Amino acid sequence: MRWLLLALCLIPALAQGQVPEPEAYRMEVYRAPVPGTLEGGTVVDVARAHALWQAGEAAFIDVLPRPPKPDDLPEGTVWRDKPRDSIPGAIWLPNTGYGALAAPEEDYFRSGLEAVSGGDPTHPLLFFCLADCWMSWNAAKRALSYGYTKVYWLPVGTDGWAAAGHPLERVTPRQ
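Read in order, the letters of the sequence shown are residues -17 to -1, 1 to 158 in mature numbering (1 follows the signal peptide of the UniProt record, and there is no 0).
Since the hints were derived computationally from the structure, they do not count as laboratory data.
Please read these numbers as outputs of a predicted model, since none were measured by experiment.
Just so you know, not all the hints are guaranteed correct.
What the hints assert, rightly or not - Label pairs and their in silico Cβ distance ranges:
#: 1; residue 1: E4; residue 2: Y129; range: 17 to 25 Å
#: 2; residue 1: G59; residue 2: A30; range: 43 to 51 Å
#: 3; residue 1: Q1; residue 2: A146; range: 19 to 27 Å
Virtual Cβ for every residue (Gly too), placed ideally from N, Cα, C.
Take the sequences, apply the hints, and build the full model.
So, in structure tokens, the structure goes:
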């Protein structure tokens, strides 16, 4: 009986650690604990993502943002983009995981998805970024809103992928 009482007391404490899935896109503080769910999509761990990757069963889409070149750089200053190491074979669509996208970014995102899916809304798509990165959750949710039906989300992103000992490779943004 004491064990049952103890278990019932622990339920609220365990529930507090869970991030609820919002109805809308996350609009700020993109590096924060993420929910464990994606309505309409499938949340995957590294083992499942690796199996999809090895089998070539899904297009892997990295949505890590790309820092903009500062407007106030002194003339003659060389700007170098920060390099991005990602899951081999992934397409990098930077700046497409924000909660609100301007028309050019949305067009860029749509065309990137169309390119990797061959225009097939049933083609599996796997979205990722870094661990605790809402950008990948937003991007996956947005793909679902466009009618893609096999959407996977890897909440631990390249951090979890690398921690599991899987390879990363240098990528450049899709043009």
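The hints, checked one at a time:
1. E4 - Y129: 17 to 25 Å: holds, 19 Å
2. G59 - A30: 43 to 51 Å: At roughly 49 Å between Cβ atoms, A30 and G59 fall inside 43 to 51 Å, so the hint holds.
3. Q1 - A146: 19 to 27 Å: 22 Å Cβ-Cβ, so the 19 to 27 Å window holds.
Violated hints are absent here; each numbered hint is respected by the structure.
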